[in-house]
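**Q** The chain contents come next:
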Amino acid sequence: MSNPTYTVIFYLFAAITVFSAAFVVFTRNVIYSAFSLLFTFFGVAALYVFLSADFIAVTQVVVYVGGILVLLLFGVMFTNGIMQTGQKSEVFHIIPGTVLLVGIIGALLYTFYTSHGWMPSETTLQGSIVERIGFETMSRYVLPFEMVSILLLAALIGAAFLARFDKSEK
Amino acid sequence: MEQLTTIGLNHYLTLSAILLGFGLFAVMTRKNAIVVLMGVELILNAANINFLAFSKYNGGMEGVMFALFVIVIAAAEAAIALAIVINIFKIFKSVDVSRIDSMKE
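Chains as they are written, first to last, in this note's numbering: chain A, 156 to 325; chain B, 1001 to 1105.
Just so you know, the hints here were simulated from the structure itself, not pulled from any lab data.
Computed from a predicted structure; not experimentally measured.
Treat the hints with care, as some may be off.
Between beta-carbon pairs, the in silico distance windows are [claimed, not checked]:
id	chain 1	residue 1	chain 2	residue 2	range
1	B	VAL1070	A	VAL246	25 to 35 Å
2	A	ARG295	B	ASP1096	42 to 52 Å
3	B	PHE1092	A	GLY313	37 to 47 Å
Computed, partial: chain A to chain B, Cβ under 10 Å [claimed, not checked]:
id	residue
4	LEU167
5	ALA177
6	VAL179
7	VAL185
8	SER207
9	THR214
10	PHE233
11	VAL246
12	ILE249
13	PRO251
14	LEU263
15	PHE267
16	VAL303
17	ALA318
18	ARG319
Covered by chain A, according to a simulated footprint, are these stretches of chain B (three or more residues, beta-carbon under 8 Å) [to be verified]:
id	region
19	1043-1055
20	1065-1072
No residue lacks a Cβ here, since even glycine has one placed at the ideal position from N, Cα and C.
Same shape as in the complex, but just chain A (with noise of 0.2 Å):
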């Protein structure tokens, strides 16, 4: 698979998803970071594509973007008021987080390049495997899925409890 393009189109995702990523951890402005992670989560939606996981860029589309960005938005605008997006996020302990930055990423980047590679199977997933999804849902995951859709609902219910406004306080 050392097609130009497709080698091309992969660096131009992977550097959207690194650097926009870079910026959500390294700006000050609370807003900017949350712009910021849209293009890293269309970043790693792409990169799903080239994984040949479709159904999983478009749910991380939908789930990601249109749900947890919009929360995170909301929790940005609700707790630094609308009109002060100029809010600036402090930053503490900077010395540890960038030796653990630092160290994480070599560690693993040393494992990965000094061990003798991996050895892919002979059949890879190819082409689309929406279907695969629906046959694996229905027989071999069938009950986590039921359970985690009883999680989602209690998880939902329990946040909208947990943020309401009281009455009692006005």
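We have chain A already, so just place chain B on it with the hints.
**A** Chain B alone, transformed into the frame defined by chain A:
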């Protein structure tokens, strides 16, 4: 050069290691609770890339299903965490995690 131009498992693992590092950095160094949550989301995305990469090169469906469940759990986690953050803001008038030090009003 062959290593660089042929996209393989190591490329995805490298990318997810970088995302994991950034996420940990955000969780460790930021004072704003919302940005800490964004770091957690980055870590979960890094884990998902790993699951899907191993699933593709292994040819099985286990990683794909696990990634799907991770996304659902991440949605539940974000909803609950933001509800808690909003409550913290109501009580402390701040979301600075280094100043929230009492469990009782």
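**Q** Now look at each hint and say whether the structure bears it out.
**A** Now for the hints, and whether the structure bears them out:
1. VAL1070/B - VAL246/A: 25 to 35 Å: holds, 28 Å
2. ARG295/A - ASP1096/B: 42 to 52 Å: Roughly 45 Å apart at Cβ, these two residues keep to the hinted range, so it holds.
3. PHE1092/B - GLY313/A: 37 to 47 Å: violated, 21 Å
4. LEU167: violated, 12 Å
5. ALA177: Since the shortest Cβ distance to chain B is 6 Å, the answer is holds.
6. VAL179: Given a least distance of 6 Å, the restraint on VAL179/A holds.
7. VAL185: holds, 6 Å
8. SER207: holds, 6 Å
9. THR214: Result: holds, 6 Å to nearest chain B Cβ.
10. PHE233: holds, 6 Å
11. VAL246: This interface hint holds because 5 Å falls under the 10 Å limit.
12. ILE249: holds, 6 Å
13. PRO251: holds, 7 Å
14. LEU263: holds, 4 Å
15. PHE267: PHE267/A check passes; min Cβ-Cβ to chain B is 5 Å, inside 10 Å.
16. VAL303: Holds - the Cβ of VAL303/A comes within 10 Å of chain B, reaching about 5 Å at its closest.
17. ALA318: At about 4 Å, which falls below the 10 Å cut-off, the nearest Cβ of chain B leaves the hint on ALA318/A intact, so it holds.
18. ARG319: Given a least distance of 9 Å, the restraint on ARG319/A holds.
19. 1043-1055: This one holds; 6 residues, not fewer than the three required, reach chain A with a Cβ under 8 Å.
20. 1065-1072: holds (count 6)
Of the numbered hints given earlier, the model fails hints 3 and 4; all others are met.
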